[in-house]
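Between the sequences and the hints, there should be enough to build the whole structure, so can you do that?
For the record, the sequence lines run as chains A and B. Taken in order, the first sequence gives residues 1 to 403; the numbers are from my numbering. Taken in order, the second sequence gives residues 1 to 403; the numbers are from my numbering.
Hint data in this document are derived by calculation from the structure and do not stem from the laboratory. Ideal placement from N, C-alpha and C gives every residue a C-beta, glycine not left out.
Cβ-to-Cβ under 8 Å is the rule here; a few derived chain B residues that face chain A: (1) L134; (2) A195; (3) D228; (4) F264.
Protein chains: 2
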Amino acid sequence: MKPVRVSRRGETSPASPIRKLVPLAVDAGRRGRKVHYLNIGQPDLPTPQPMWDTIIEGAPKVLAYSPSDGLPELKKAIADYYQRLEIPISEDQLIVTTGGSEAIVLAVGSVTDPGDEVLIPEPFYANYNGFSHLLGVKVMPIPTLPEDGYHLPPRQVWEERLSARTRAILICNPGNPTGTVYRPEEIEEVLAFAAEWGLFVIADEVYREFCFDGETHRSVTHYPEYADRVILIDSISKRFSACGARIGSVSTQNSDVLESCLHFAQARLSPPTLGQLMAVEAFGFEPSYYEDLAREYLARRDAVMDELSKMEGVLCEVPKGAFYAMAKLPVDDAEKFASWMLTDFEYEGETTFVAPGEGFYATPGAGTQEVRIAYVFEAPVMRRAMEVLGRGLQAYQKLGGAG
Amino acid sequence: MKPVRVSRRGETSPASPIRKLVPLAVDAGRRGRKVHYLNIGQPDLPTPQPMWDTIIEGAPKVLAYSPSDGLPELKKAIADYYQRLEIPISEDQLIVTTGGSEAIVLAVGSVTDPGDEVLIPEPFYANYNGFSHLLGVKVMPIPTLPEDGYHLPPRQVWEERLSARTRAILICNPGNPTGTVYRPEEIEEVLAFAAEWGLFVIADEVYREFCFDGETHRSVTHYPEYADRVILIDSISKRFSACGARIGSVSTQNSDVLESCLHFAQARLSPPTLGQLMAVEAFGFEPSYYEDLAREYLARRDAVMDELSKMEGVLCEVPKGAFYAMAKLPVDDAEKFASWMLTDFEYEGETTFVAPGEGFYATPGAGTQEVRIAYVFEAPVMRRAMEVLGRGLQAYQKLGGAG
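Okay, here's the thing in structure tokens:
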């Protein structure tokens, strides 16, 4: 017999930094510890009742495939929602996907071939790496700094990362894991740079309603002159606290890209039907729904920042959007620290689970002192979780793990 | 501005032969025609009530992500189901996926790199082509013949398609679109060939309960000596009439492949949560459920074969499994005929929608006279749909479209 071997892309595919320590957290739970799961963007907010009612009252007899591009009524509901935000995407310019995750796969697959490169400001949503890996595409990181609030670097830095294989720029705005909201000038510079070099701009805007301190979200779709190169990624997961529904969308005014996305979408038949029915309901919510949502997350952010400010040696710029904070900790290796918090530490029977920062970077060695904190619980819980984290930091430093 | 261009893989990605004519069918419906949708494997059977009850009565407050490899209770339920079938897959050797579709992507991605090749007996499930395209992998078709009931050709034919880049064999058993159930000797030959040449065997067995005329299904997992190279694809879609749930699984005893699949699965976070809850319930069904199911589809198959036998010039071997029949029609171009049925034909206000065969082949020019018929409706409806098809054939031949 001749042996078999896993593929190179399979062998080198990265474990998710968000999920790799989960077994340690589960073990801690089994040992009776209360674990604050701040590693993952899984909000505690109940999925709004009207979304449940629509499937409880209107469950179909046969749970059938939907069209590959989504239920027509959902496409219409998304287009109406976009219209209210002055995002010029019609129902014929979008495809419903299995979460924002699949939207990224369809978009990146449609603008790259194996061996091509995509520019991504780092730290970035770690899963961009996983998808690129699967598609045989290389991520070229554009470094940003905690001290600058992770805003975009000058053009020269971008130019240095260009190659003949560069096909697209992928941005996340408001940013996961940074919480950064790009200024209009930044968006304009990204688009102008893309136009100069013949690149697509893929924008993940799933957190657009999560903006604080008077920041307003500027969408890449707001510039008609660049419409042909812009691809919009979206998801209902965070906006409607429905992560498990797995419903997102990919949109573009570029009809070639849309057709390519549709062909790839046909291969996987359809997105989940029940999640789509729930989403139809959700996109009909009043503007006040989003205002309440932003207010709630603002309170959570403030609780986190207040507690972080009490911890010596912790660096964290105030995030202006999304529901994450990237914090630089006074430890030598944040992954070791995060693991230790789960395996060895407790404070009054509790511990806090944060995502190690390194996996959000493509540059080797970057982010080793950082962690991502998802402020997905109500403010008092967040305060407590941060207090436990602070106690853990103190104990860890005494053990000699200081950086 | 420098223009952008869709990727080569995007530009050349095939439209699904199952879905490409859907707009014509929708138009026909708008014009008041009753369309029999035999193009797609979407059964009319109600999704079993206990599956609905479990989410109606037990809906969680927050529709949260599940673990990336699926809810533990579902993994357990699938492993128990496998145990009853003597399929040696434990709950630690499987990952729950977003439909069988995603299972194929994870499996093929884990055993191939861009430029690698996969051997697939043709005609094959058209979407294998779409996924390969997305992953930069080449499908090398292994020709089979309608006259042989689409059984596998001798070893020499396989050897001629081998190259230094061949990594795996992908089979579907019982077959979509052919309905062929492979004999144990065929399975053994595939495994022995794979062992000789260092290939993986990916087996799509989603139709294993759909076997007729005393045929029994032989799984590739039934041979311990080949366990390391075998990857099993599964789905609840057809078995439980829950296509829209989008729940499947990928299983293997090869821990490297499993880990690679898991890493890719982590990137997309999780499969749909509601579909998983429904599946937990479904995998607990008694053996009689499957017996009833096979009996129902047997009646449908017999109705189709009976009607096809009345049509002059139609060639169709009796399919022994799944719920498809590949039929060779007396027309010059089956896609033109299938389109014409939707745009121009009606019989007493009705028409029949079949999938053109060409898209199920990778060999250029193959399958142009064939169509796939999905017998997904109860027997009297199938009879009527076939009668309408027969009338259409007669009318088309009079117009001069005969082959």
